[in-house]
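> Sequence:
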Amino acid sequence: MHTPSAISTPWSGSRSGRSTSRRSAPSRSGSRPAGWSGCESSCSSAAVSTTRRCSRRSQRWSCCSSRRARSSSVTATRSGRSTAPPPSASPSSSPAATSPSTSRARTRSGSCTWRWRSPAGRAITAASRSSACTATCARARSCPTAPRPPAAASRRRRSTSRRSPCSRSPTAPGTRRGSSRRSERDILTSVTDWDRVRAWDEAYYSHVFVTADEYEHVAVARADGDTIELADGTRLLDFTSGLLCVNAGHANERIKAAIVEALDRYGFVWEGFATDYRSRAAKLIVEDLLGSDDWAARVRFTSSGSEAIELALLVAKLVTGRPNVISRDFAYHGWTHGALSLMGLPGSRGILASPGSDEVRRPAGIPMQGVHFAPAPYCFSCPIGHTYPACKRGEERLACIDALEHLIRTLGPDSIAAVVAEPIFGVGMFHPPAEYLGQLRELTRAFDILWIDDEVMTGFGRTGKAFAYQHAPGVTPDLMTVGKGMVSAALPAGGVVMSREVAAVMDRYRWETVSTFSGHPVVMAAVAANVEWVIEERVPERAAALGRHLGRRLEQLREEHPCVAEVAGAGLLWAVELVRPDGSGERFVPDDRHASPAGPPGFSPSLFLAGECAKRGVALATAPPNTLRIGPPLTITEERIDEGVGALRAGLDELARIGHEQLVAG
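This note's numbering applies: residue -14 is where the sequence shown begins, and numbers increase by one.
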């Protein structure tokens, strides 16, 4: 897989050896780092002595000025020009001959000009050569700390010390305070030591999916809208919304503003207290988004979608008093203990897989006792050997629904607390037939079993409806888990929405449970802002229209390309099924969703396509080996969709070439 290399813009003044803290100050010895450097004009008073360099711990700024008057034979610099004392002036008459306190006092009304030097060599910004310009700070004080970085996000004034004559730094050249964040980001990123980032990442972080030796470092410098920018300047169209979570686009301005406002008002408030943000977020979800469906009564917030699943399981078992839960093959519901137990992808249940053998270490007790699996409604490759729509019987009932009913009767309906089902398989990555969800809900109601609707990936407009269950007329859940798109991943958040019937039971009892971060005011501010964006901008309707455009483009690929067997989707969540290019319909990886991650790396068409698309500036998700998942931010345009599909087409051409070579060789 193509992996762009990280850039190298080390701070030349940084401390050698391994740093023990992220806040460790780099050494002040050695050459200056890229950034503001050199006090071209010092202070308006002539009481400034020889230039001396000093800098803050960040090493982004440095200033040359005197800490105190050291001798009578000094020169003062004003507006970048040296001004020597008059020849007749004796040392005793020079202002520098006064006490240090007098000298410092005379610098209070002065101003300093700082020089900004953009880094040479490879850099994130467009500039590739050193350049210099100047900016002037508004006032000077006697020896406070060195100024903060240009256009810094924090507006707090630094505490005073005796290192520099300036109380605040000038803004970056060509910008005003509070102007374009792009300029601020360019400045801050250009002085980041990406070699150090790589070293720390490889040394200290515990990575997933690969061994320490297999890990390939890819650093992201920023993300904005539908674009991810890597540390080497590579820009990628995010065609998968992170992990189907950045619905409102990266760094959404509305959500950021809400977070900043909340940070100004709150630190931490636990869920025993109410805040206006939490109350508003709950009202927006229950009444404004779900009110027309007339089922939702209450919501409780969590810190993630996985935690929401755990909470929903707890509520279902409390309300029903039953021990068993039914999940489905190929389902994904999160990574915590209960959520992993519901995982219908055995190779993804938090296992440790050896790269050199078939050894697999599985976590003990997962799946937990009482979890059972029904066949998945995967019509492209039916796990129970049927073909859609010939599998229907009687009143158009699906074979997989018959299999679910058989499991319910075998376990005993009065022992089953809930069926957990996502309307669209977000990691298993396929769309059930249109009639499936209605038949599932009819079955659970007939046996008085709760349905937990997992909308963590599909909620808040992703599929062209506010929630994916709304594609099935007349269908409503008992419990609904949400996350990801609820806050567009601006902060960690999840939640469980309860029906009137479930809430009525919970309201009669004291619920002895608490979560530290449930309803955190800053998170709730982001949730409220995101949901308001969904409602006011009519996001589901927009996603539906863009989804029709994306569907047409993908359908063209299916008609024209031998490696594409099927495309299916709703709104901006689509699956592309991949097959060998010889017309046989065979999969590249026969084990498909049952494939083990253990052993030497084999060929994965989805991983191969992700690499090819990355070369062409598009980021794709790799879920099952034979299936692509496409789910761009809901803020994307048709032009950007065309760009993404164009990169996919070129990648498919390469996949077909590889496939033909494999056939010839095999």
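For the record, the hints were derived by calculation from the structure and aren't laboratory data.
A hint or two may mislead.
What follows is a list of derived Cβ distance ranges for each label pair [what the hints assert, rightly or not]:
#1 F194 / P547: 45 to 51 Å
#2 R485 / E623: 54 to 60 Å
#3 T196 / R485: 19 to 25 Å
#4 G332 / A635: 38 to 44 Å
#5 E623 / T321: 37 to 43 Å
#6 E544 / Y190: 41 to 47 Å
#7 G570 / T622: 44 to 50 Å
#8 R485 / G341: 23 to 29 Å
#9 D576 / D492: 46 to 52 Å
#10 T321 / D186: 22 to 28 Å
#11 D576 / G341: 15 to 21 Å
We put the beta carbon where it would ideally sit given N, CA and C, even for glycine.
> Check each numbered hint from earlier against the structure, then list the numbers of those it violates in ascending order.
1, 2, 3, 4, 7, 8
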